[in-house]
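Residue numbers (my numbering): 5 to 127.
Among these hints, one or two may not hold up.
[Unchecked claim] Using C-beta positions, here's what the derived DEER-type ranges look like:
1) L66 to K95: 12 to 22 Å
2) S79 to K108: 13 to 23 Å
3) N9 to S75: 26 to 36 Å
4) M12 to K95: 27 to 37 Å
5) S8 to E94: 38 to 48 Å
6) L62 to L21: 18 to 28 Å
Derived by calculation from the structure, the hints in this document are not laboratory data.
Note that the structure is a prediction, hence the values are computed from the model and not measured.
Yeah, the Cβ is synthetic: ideal placement off N, Cα and C, and Gly gets one too.
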Amino acid sequence: MSASNGKMRRVVRHNRLRSKISGTAKRPRLAVFRSISHIYAQLIDDVEGSTITAASSLENELKDKDKDKDSGKISISKVVGESIGRRAAEKGISEIVFDRGGYKYHGRIKAVAEGAREAGLKF
Numbered sequence: 005m006s007a008s009n010g011k012m013r014r015v016v017r018h019n020r021l022r023s024k025i026s027g028t029a030k031r032p033r034l035a036v037f038r039s040i041s042h043i044y045a046q047l048i049d050d051v052e053g054s055t056i057t058a059a060s061s062l063e064n065e066l067k068d069k070d071k072d073k074d075s076g077k078i079s080i081s082k083v084v085g086e087s088i089g090r091r092a093a094e095k096g097i098s099e100i101v102f103d104r105g106g107y108k109y110h111g112r113i114k115a116v117a118e119g120a121r122e123a124g125l126k127f
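Start from the sequences and build out the full structure, keeping to the hints where you can.
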């Protein structure tokens, strides 16, 4: 399978998933994007078409926080999930809709979800 074919299949899966879910101001969508090196998560209000808050593995505060532990991609993904959960709580959000972005619910995507749950978000 070529790289472009694999990416297109993920995009098709994501579009199929997006046709079934959407976020509101009360219950925003937690969208996750995974690249080779980093992970990005954002809370989106689809009614307004705006991002409420976001977190990624590129942020300095998250990199510094994870230096004590094993700095593998999965542990960093969990820290990103915890961060997005804390930021959501600051905005008064407790319930979300999880958008895995066409990826399998496994590995780094699962770690983001578990971190967000530990921070108090309900799916």
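Hints versus structure:
no.	hint	verdict
1	L66 to K95: 12 to 22 Å	18 Å, holds
2	S79 to K108: 13 to 23 Å	19 Å, holds
3	N9 to S75: 26 to 36 Å	32 Å, holds
4	M12 to K95: 27 to 37 Å	35 Å, holds
5	S8 to E94: 38 to 48 Å	40 Å, holds
6	L62 to L21: 18 to 28 Å	25 Å, holds
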